[in-house]
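Student: With the hints as constraints, model all of the structure from the sequences given.
2 protein chains.
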Amino acid sequence: MKIAILGYGNLGKGIECAVKQNSDCELTAVFTRRDPSTVKVMTPGVKVYSVDDILNHKDEIDVLVICGGSATDLPKQTPEYAKYFNVIDSFDTHAKIPEHFANVDDAAVKSQHTALISCGWDPGLFSLNRLYANCVLPEGKDYTFWGKGVSQGHSDAIRRIKGVKDARQYTVPVEDALKKVRACENPELTTREKHTRECFVVAEEGATKEDLARIENEIKTMPNYFADYDTTVNFITQEELDRNHKEIPHGGFVIRTGKTGWDRQYNNVIEYSLKLDSNPAFTSSVIVAYARAVYRMNQKGDFGCKTVFDVPPAMLSMMSAEEIRAHLL
Amino acid sequence: MKIAILGYGNLGKGIECAVKQNSDCELTAVFTRRDPSTVKVMTPGVKVYSVDDILNHKDEIDVLVICGGSATDLPKQTPEYAKYFNVIDSFDTHAKIPEHFANVDDAAVKSQHTALISCGWDPGLFSLNRLYANCVLPEGKDYTFWGKGVSQGHSDAIRRIKGVKDARQYTVPVEDALKKVRACENPELTTREKHTRECFVVAEEGATKEDLARIENEIKTMPNYFADYDTTVNFITQEELDRNHKEIPHGGFVIRTGKTGWDRQYNNVIEYSLKLDSNPAFTSSVIVAYARAVYRMNQKGDFGCKTVFDVPPAMLSMMSAEEIRAHLL
Chain A
3 MKIAILGYGN
13 LGKGIECAVK
23 QNSDCELTAV
33 FTRRDPSTVK
43 VMTPGVKVYS
53 VDDILNHKDE
63 IDVLVICGGS
73 ATDLPKQTPE
83 YAKYFNVIDS
93 FDTHAKIPEH
103 FANVDDAAVK
113 SQHTALISCG
123 WDPGLFSLNR
133 LYANCVLPEG
143 KDYTFWGKGV
153 SQGHSDAIRR
163 IKGVKDARQY
173 TVPVEDALKK
183 VRACENPELT
193 TREKHTRECF
203 VVAEEGATKE
213 DLARIENEIK
223 TMPNYFADYD
233 TTVNFITQEE
243 LDRNHKEIPH
253 GGFVIRTGKT
263 GWDRQYNNVI
273 EYSLKLDSNP
283 AFTSSVIVAY
293 ARAVYRMNQK
303 GDFGCKTVFD
313 VPPAMLSMMS
323 AEEIRAHLL
Chain B
3 MKIAILGYGN
13 LGKGIECAVK
23 QNSDCELTAV
33 FTRRDPSTVK
43 VMTPGVKVYS
53 VDDILNHKDE
63 IDVLVICGGS
73 ATDLPKQTPE
83 YAKYFNVIDS
93 FDTHAKIPEH
103 FANVDDAAVK
113 SQHTALISCG
123 WDPGLFSLNR
133 LYANCVLPEG
143 KDYTFWGKGV
153 SQGHSDAIRR
163 IKGVKDARQY
173 TVPVEDALKK
183 VRACENPELT
193 TREKHTRECF
203 VVAEEGATKE
213 DLARIENEIK
223 TMPNYFADYD
233 TTVNFITQEE
243 LDRNHKEIPH
253 GGFVIRTGKT
263 GWDRQYNNVI
273 EYSLKLDSNP
283 AFTSSVIVAY
293 ARAVYRMNQK
303 GDFGCKTVFD
313 VPPAMLSMMS
323 AEEIRAHLL
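Line by line, the protein sequences give chains A and B. Going from the first sequence to our numbering is simple: count from 1 and add 2. Going from the second sequence to our numbering is simple: count from 1 and add 2.
Everything labelled a hint here was simulated from the structure, so no lab data went into it. Since no wrong hints were added, every one of them can be taken at face value.
Identical copies go unnamed one by one, so any copy, or any two together, can satisfy a pair.
Pairs of lysine-lysine, DSS-like flavour, derived with a Cα cap of 27 Å:
| hint | residue 1 | residue 2 |
| --- | --- | --- |
| 1 | LYS60 | LYS4 |
| 2 | LYS78 | LYS112 |
| 3 | LYS196 | LYS181 |
| 4 | LYS167 | LYS248 |
| 5 | LYS182 | LYS248 |
| 6 | LYS15 | LYS248 |
| 7 | LYS143 | LYS15 |
| 8 | LYS150 | LYS181 |
| 9 | LYS112 | LYS302 |
| 10 | LYS15 | LYS150 |
| 11 | LYS4 | LYS78 |
| 12 | LYS150 | LYS182 |
| 13 | LYS143 | LYS22 |
| 14 | LYS60 | LYS49 |
Tutor: In structure tokens form, the structure reads like this:
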């Protein structure tokens, strides 16, 4: 299966690594909006091209992995490239998924390509687990906790504060809330009760005590991002940040509790959790598995836009149906 | 969707309860090998028939749930009834799945029915999680732990010992082994290191101290069942057993740990766990969700034998594709 990458940031690099771990996949090209001569990839022999040249490589690509951002890139890129390629993206603006789906579906159906949107772990594997758990426990309650992990959006928000040189923010699930959920207490949890926010901040050189107090206050009172949470702010040096906080770990928990039995007398807990040293590397691994399914669905004549909900699990595997049944069932 | 049950034991009763929780399902009949007049079901208006009359009810059944045992019932029943009905079973003799699949597939393809075998949580949801985790982490290691829960097979084995009136056996995962797995230590675990076995035994009246010692020894040295485990034996009264051990809880953990990153420098842990107050009630809930998919696949002309690996997750849901995307993705 010939994979190409559009956009070589953290996710694009992750895709490159994941392709290397899947023996039926081959990276054929990387496309970038930057000057291609400034982009160095890790895989020997793989060339970097300008995105403007992408249509010249149509026949060398089974699935194009689009690694843009959800805010402005993907809403344009995925429908556009679905005209020419089988595509997959990790669009994660939950509220706009129906609109994005419709646009991509329209393009892919017309061009007889197969597209898969919103792939990764949330949306992605977490969504799958919400669906499965809802189907097997129709009467129950869903909970999703994230972390402990780095939120890029929250880290960026801190960096925009005057006097902040660098920052890293961790989202941390509240252990006591998890405990109550697992005990089938069906708690109604406020935002504050579910997660705390832990910030590591490098102030610009020469910051006074008053500067630090102002920064801390601006973080803790920032609407949407921090005001509704218990937030701790730790000022550290750039060296400390680079040494201890350079990776992008993440993870989380999807839990559904529900009742079974004639009188709903039985409690059940279904829990799915991830603990990931690198969020983009793992997200990429999920995407490459689904790229395999996209390619296979296209070969079967199954065109249009799909999500993880539409993919028979066997299509993700390098193993044959017989092998899967014999070894994994 | 019209569901019928063949075999009214713990699982059959569970199916009846699960049907009640799924608003698009209706229980149309229960079939039994016993004298139907001796079988009382819970759902008002539902009749119990002899299995000999089942073909007279062909048109009233969308999916037949076959609730027999894996040792001798299902290998005969599922291929036989797949000639006349869409069927689903919970065949769980892992080693014989390929043979069972081939027999059922043959019958279902010929008769243009859809069958799904080995449904439940293991095989079933645990299998799915093994597959997904293997696909997204091609380089890694799988672990399955069961419990804490009642093993019917082990309880039966104890009951066959001379001088034992009743017994209940719990399989318990070893916490320290789970800890090592979650820490990505990739331990090679022996049978003894993964699970312990906890037995609650009612001796026949008048048992002497020597009888109890013999029973305990026979349990602990029983090949295959107990000899390879650290086993504890507790003698209790029948009243105590009935009061504290009458339910059939179960559960377990499927964990895959694996590496991502260019130099495999990142660790990842994918963990799926179940905690179930009643094993048969939960297994039944899974089966009813998959019965929905069996019916839908049949309506789409997708005939033959399937497993959970072949079912697009969306097919399990009462919600529409749009609703799922909007609410669960």
